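A.B. asks: What follows is each chain in one-letter form.
There are 2 protein chains.
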Amino acid sequence: MSKKAKVLSDETKLERRGLLLVLSSPSGAGKTTISRQLLARDQNLTMSVSATTRPMRPGEIEGIDYYFVEPTEFNLMINRRELMEYAKVFDNYYGTPISAVEKALRIGKDVIFDIDWQGSQQIAERAREDLVSIFILPPSTAELDRRLQNRAQDTEKVVSARMAKAPSEMSHYAEYDFIVVNYNVEESVAQVEAIIAAERLRRHRMIGLTDFVKRLQEGY
Amino acid sequence: MSKKAKVLSDETKLERRGLLLVLSSPSGAGKTTISRQLLARDQNLTMSVSATTRPMRPGEIEGIDYYFVEPTEFNLMINRRELMEYAKVFDNYYGTPISAVEKALRIGKDVIFDIDWQGSQQIAERAREDLVSIFILPPSTAELDRRLQNRAQDTEKVVSARMAKAPSEMSHYAEYDFIVVNYNVEESVAQVEAIIAAERLRRHRMIGLTDFVKRLQEGY
Numbered sequence: 269m270s271k272k273a274k275v276l277s278d279e280t281k282l283e284r285r286g287l288l289l290v291l292s293s294p295s296g297a298g299k300t301t302i303s304r305q306l307l308a309r310d311q312n313l314t315m316s317v318s319a320t321t322r323p324m325r326p327g328e329i330e331g332i333d334y335y336f337v338e339p340t341e342f343n344l345m346i347n348r349r350e351l352m353e354y355a356k357v358f359d360n361y362y363g364t365p366i367s368a369v370e371k372a373l374r375i376g377k378d379v380i381f382d383i384d385w386q387g388s389q390q391i392a393e394r395a396r397e398d399l400v401s402i403f404i405l406p407p408s409t410a411e412l413d414r415r416l417q418n419r420a421q422d423t424e425k426v427v428s429a430r431m432a433k434a435p436s437e438m439s440h441y442a443e444y445d446f447i448v449v450n451y452n453v454e455e456s457v458a459q460v461e462a463i464i465a466a467e468r469l470r471r472h473r474m475i476g477l478t479d480f481v482k483r484l485q486e487g488y
Numbered sequence: 269m270s271k272k273a274k275v276l277s278d279e280t281k282l283e284r285r286g287l288l289l290v291l292s293s294p295s296g297a298g299k300t301t302i303s304r305q306l307l308a309r310d311q312n313l314t315m316s317v318s319a320t321t322r323p324m325r326p327g328e329i330e331g332i333d334y335y336f337v338e339p340t341e342f343n344l345m346i347n348r349r350e351l352m353e354y355a356k357v358f359d360n361y362y363g364t365p366i367s368a369v370e371k372a373l374r375i376g377k378d379v380i381f382d383i384d385w386q387g388s389q390q391i392a393e394r395a396r397e398d399l400v401s402i403f404i405l406p407p408s409t410a411e412l413d414r415r416l417q418n419r420a421q422d423t424e425k426v427v428s429a430r431m432a433k434a435p436s437e438m439s440h441y442a443e444y445d446f447i448v449v450n451y452n453v454e455e456s457v458a459q460v461e462a463i464i465a466a467e468r469l470r471r472h473r474m475i476g477l478t479d480f481v482k483r484l485q486e487g488y
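Chains as they are written, first to last, in the working numbering: chain Y, 269 to 488; chain W, 269 to 488.
In short, the hints are calculated from the structure, not lab data. Predicted, not measured: the structure shown is a model, and the values here were computed from it. Please note that a few of the clues may not be correct.
No copy is singled out in the list; a pair is fine if it fits within one copy or between any two copies.
Said to hold, decoys possible - Capping the alpha-carbon separation at 30 Å, the derived lysine-lysine pairs in DSS-like fashion look like this:
| id | residue 1 | residue 2 |
| --- | --- | --- |
| 1 | Lys371 | Lys433 |
| 2 | Lys356 | Lys371 |
| 3 | Lys281 | Lys371 |
| 4 | Lys377 | Lys482 |
| 5 | Lys482 | Lys356 |
| 6 | Lys425 | Lys482 |
Model the full assembly from the supplied sequences, consistent with the hints where possible.
C.D. replies: Shown next as structure tokens:
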């Protein structure tokens, strides 16, 4: 089949720019569980892997969960402007290496970011048109507490610190495009999937639309 | 159960403002079929019924398909500012009575508008924050022609007029939020449903969100 015939066939699908999907929430609201299910169900999504100075937790894998780096190395990454965004959370630094995101977008993936409001604001400054931001809220504080307690890997002190930080984290909900209240994981995953499906259909993300319409207007 | 207990229960769902969902396309791209399937599948949607001066087609019902009015009456509606938008298409006038839209929004419905770019622009001027606009494109001109020919109620002359008008109608695609290329109806309906589901989760449409977050911050 010639290239021209392919372009004009009914099966031509428009290409589009990748999304930068930011999911933020207070710790324990379910963001990580939701992200994992999204990734398992949609081959077009990939997780942005952050660099962090915090110690590895049991079960975590270098390069999958995080790039674990020393504070000195993290500082170098900041100075070399290799980070798309970074923030200090609970005495540790977290940041997104630009190179990994660009690589994912080049091969047509949408990238999920599990970052907080500080990171979301920095991405908005750099790439507002590519950004889709979702804030996940717990249905109640009691439920947030219960979920944090059930997370076996954290000490009581860490759980308390996270609970104490929830109110100030939640104060940033109004900076996000969408709100998902996580009553149950399945419903929340479906809601985020609908947001992704819709945002993929945004006109400003479509590549080749002008040519496509021009051909229709010319009677092809 | 007391009112307070109800407010604080896990089952509390946030209320939201209704959507004004505009679907536009050249005649024959499938907009009417898609609208009907959406309405059949989602009780929360209702169709905006337009007033028109064009003659009733076989099978159409007054007050369901259109409010069929005389040109003099339509002119009065314009002068009384009773129309949300109106436009002249193929020598006939079409317009949306404000009262019907407001009634639907009051009872918590989202309203679908089967109108063209002129109407969409007028709604954008009045209610941009409530508007979600989708332009539906045919996969090819041949397919558009085939669909118009199969629409038995139109004369050959009307079909030709609609085909001739398609290029100029399509030139307005860039004024819309979303683009759906109607390769097949089922897929297109699913895409529009995803857009509706996502737009219902937009932060700016949620009512009571500030209070909801305040309660979470206070530890409820």
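A.B. asks: Hint by hint, say whether it matches the structure.
C.D. replies: Evaluated hints:
1. Proximity of Lys371 to Lys433 under the C-alpha cut-off of 30 Å is found in neither arrangement, the shortest distances being 34 Å within a copy and 43 Å between copies.
2. In the homo-oligomer, the alpha carbons of Lys356 and Lys371 lie at most 30 Å apart inside one protomer (25 Å), although the nearest pairing across protomers, at 50 Å, exceeds that limit.
3. When the C-alpha separation of Lys281 and Lys371 is checked against a cutoff of 30 Å, the pair qualifies only within one copy, where the shortest distance is 22 Å, while the shortest distance between copies is 39 Å.
4. Proximity of Lys377 to Lys482 under the C-alpha cut-off of 30 Å is restricted to the intra-copy arrangement: shortest distance 27 Å within a copy versus 36 Å between copies.
5. In this assembly of identical chains, the alpha carbons of Lys482 and Lys356 lie at most 30 Å apart only when taken from different copies (25 Å versus 49 Å within one copy).
6. For the homomeric pair Lys425 and Lys482, the shortest alpha-carbon distance between copies (25 Å) is at most 30 Å, but the shortest distance inside one copy (62 Å) is not.
Against the hints set out earlier in the document, a violation occurs for number 1 only.
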